[in-house]
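**Student:** Listed below, chain by chain, are the residues.
Number of protein chains: 2
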Amino acid sequence: MGQKSSLVIIGNEILSGRTQDKNTSWIGDKMAAHGVPLAEVRVVPDIEEKIIEAVNAMREEYDFVFTTGGIGPTHDDITAACIAKAFGVAFGRHDDAYQVLLEYYGPDELTDARATMADMPDGATLIPNPVSGAPGFRVENVFVMAGVPRIMQAMLESVIADIAPGKTIMSNTITCNLQESIVAEGLGQVQDKYEDVEIGSYPSFRGGQLNVSVVLRSTEDGSIKQATKDVLALIDDRGGEVLSEVYQVPLS
Amino acid sequence: MGQKSSLVIIGNEILSGRTQDKNTSWIGDKMAAHGVPLAEVRVVPDIEEKIIEAVNAMREEYDFVFTTGGIGPTHDDITAACIAKAFGVAFGRHDDAYQVLLEYYGPDELTDARATMADMPDGATLIPNPVSGAPGFRVENVFVMAGVPRIMQAMLESVIADIAPGKTIMSNTITCNLQESIVAEGLGQVQDKYEDVEIGSYPSFRGGQLNVSVVLRSTEDGSIKQATKDVLALIDDRGGEVLSEVYQVPLS
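These protein sequence lines map, in sequence, to chains A and B.
First residue of the first sequence? That's 1 in the working numbering, and the numbers climb one at a time after it.
First residue of the second sequence? That's 1001 in the working numbering, and the numbers climb one at a time after it.
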């Protein structure tokens, strides 16, 4: 297996249900396309020990860790200080980050509160923020990004450019008008036949009817096409009708 | 502090970006209203050891654990077997669950694949599924639910009825036309003043303008109202205008 990434979402607002997280699906999609798929996500509150624990667990276990949230100028923005503690390095004013803020705001508008956004762990390298100035940063395999989706998405562009691509994961989604249980046994047999294809099965309601989407994912074009043939034959054999088939080679 | 809950989302489809998770915000909202707030979420792939590890970590640390996903009839539905392993108990046909399926499908339609949805850890008690028959289940402090939001939401109703309510968490969300950094220092001072109010600050773009929403959360009505006055005074003092104020006492 190739390299894997992980995500730590820092935010009480996600846990309270106030904010619908949209960063997971965005990052998941982009990293699958980049061949370094997202293998785990943790959502933790704005509590120092929980952030440190999650970041340290994820950076041990996965090749790359992304964090989102908690890098603004207010009292609840404690991510940068936590990352310093997680790595056991000093925390303080980052000269380049300060220059970025100075340029963005100008000397009159760079208040003390804004300047705190230049406080980073020792040895951090900057992640540019083309949307709202204040940069994210990288320490070793941990990339610290903003939580606001538009800003995170812009930061992720530079982050991805910094990570060597793996094999792109292709997917094929076949939706048919059968209930999941009708194809269950047959799908298990197809899965057993293809070690390098991951086959998932997802029921859904559409217009009051239970359908099933079969999702095949693989880095191997030949295998995914062969397994697709088997799935289509299975659906046909069980008297089902394919409602849609979406073959996707994501663009990084 | 009162009791806390946690959520383990089991699903490759969330990690790959194919499916936008909607269960976190739903459960987060309901549990805050119920006074047993969601304190952590983990999204793990359909891999036995990852599921077991996450469930065991969460049930140690929090009062209640919810899981969503992986309880259907196909080869990738391994949640129930993993829960049995996590608790170190036997796994097999659950008589009551089988009766539920028999009643729902009738003897002719209860295929072997469907019957596997009655395989559960020893000692499991059922969570009714008024939407599509196959029940979820509870083992000790772990509640195992479907991943399809409509089914999960229906199951959660019974789950919540099974959990003693804590103090309802009220929230007040004040959105104003100031940039976050303008109120940063003052908000920190208000936070320092109220130990029993959690104050979060969330920037957002609206019509190309950066606004900030200040969210106050507390179980104490008096404190939240007092802290709200301080925040409103702060916004006024900084020359800001309140765009909206939403005081919410969620209904369980």
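No lab work stands behind these hints: they were computed from the structure.
Take these hints with a grain of salt, some might be off.
Selected chain A positions facing chain B (Cβ under 7 Å, derived; list incomplete) [unchecked claim]: (1) Asn-12; (2) Gly-28; (3) Asp-29; (4) Arg-42; (5) Pro-73; (6) Asp-96; (7) Ser-181.
Derived, one-sided and incomplete: chain A residues facing chain B with beta-carbon distance under 10 Å [as the list claims (entries may be wrong)]: (8) Gly-17; (9) Ile-27; (10) Arg-59; (11) Ile-151; (12) Ser-158; (13) Ile-160.
For glycine and all other residues, C-beta sits at the position ideal for the given N, C-alpha and C.
**Student:** Does each hint fit the structure? Answer for all of them.
**Tutor:** Here is how each hint holds up against the structure:
1. Checking Asn-12 (chain A) against chain B: minimum C-beta separation of about 5 Å stays under 7 Å; hint holds.
2. Nearest Cβ of chain B to the Cβ of Gly-28 (chain A): about 3 Å, under the 7 Å cut. The hint holds.
3. Hint status for Asp-29 (chain A): holds, given a least beta-carbon distance of 3 Å to chain B, under 7 Å.
4. With its C-beta approaching chain B no nearer than about 5 Å, Arg-42 (chain A) sits inside the 7 Å limit, and its interface hint holds.
5. With its C-beta approaching chain B no nearer than about 4 Å, Pro-73 (chain A) sits inside the 7 Å limit, and its interface hint holds.
6. Checking Asp-96 (chain A) against chain B: minimum C-beta separation of about 20 Å lies over 7 Å; hint violated.
7. Annotation: interface hint on Ser-181 (chain A) holds; nearest CB of chain B at approximately 4 Å, less than 7 Å.
8. At about 3 Å, the closest approach between the beta carbon of Gly-17 (chain A) and any beta carbon in chain B falls short of 10 Å, and the interface hint on this residue holds.
9. For the restraint placing Ile-27 (chain A) at the interface with chain B, the shortest Cβ-Cβ distance is roughly 7 Å, inside the 10 Å limit, so the hint holds.
10. Because the closest C-beta pair between Arg-59 (chain A) and chain B is about 16 Å apart, greater than 10 Å, the hint is violated.
11. At about 9 Å, the closest approach between the beta carbon of Ile-151 (chain A) and any beta carbon in chain B falls short of 10 Å, and the interface hint on this residue holds.
12. At its closest, the beta carbon of Ser-158 (chain A) sits 19 Å from a beta carbon of chain B; the interface hint therefore is violated under the 10 Å criterion.
13. With its C-beta approaching chain B no nearer than about 14 Å, Ile-160 (chain A) sits outside the 10 Å limit, and its interface hint is violated.
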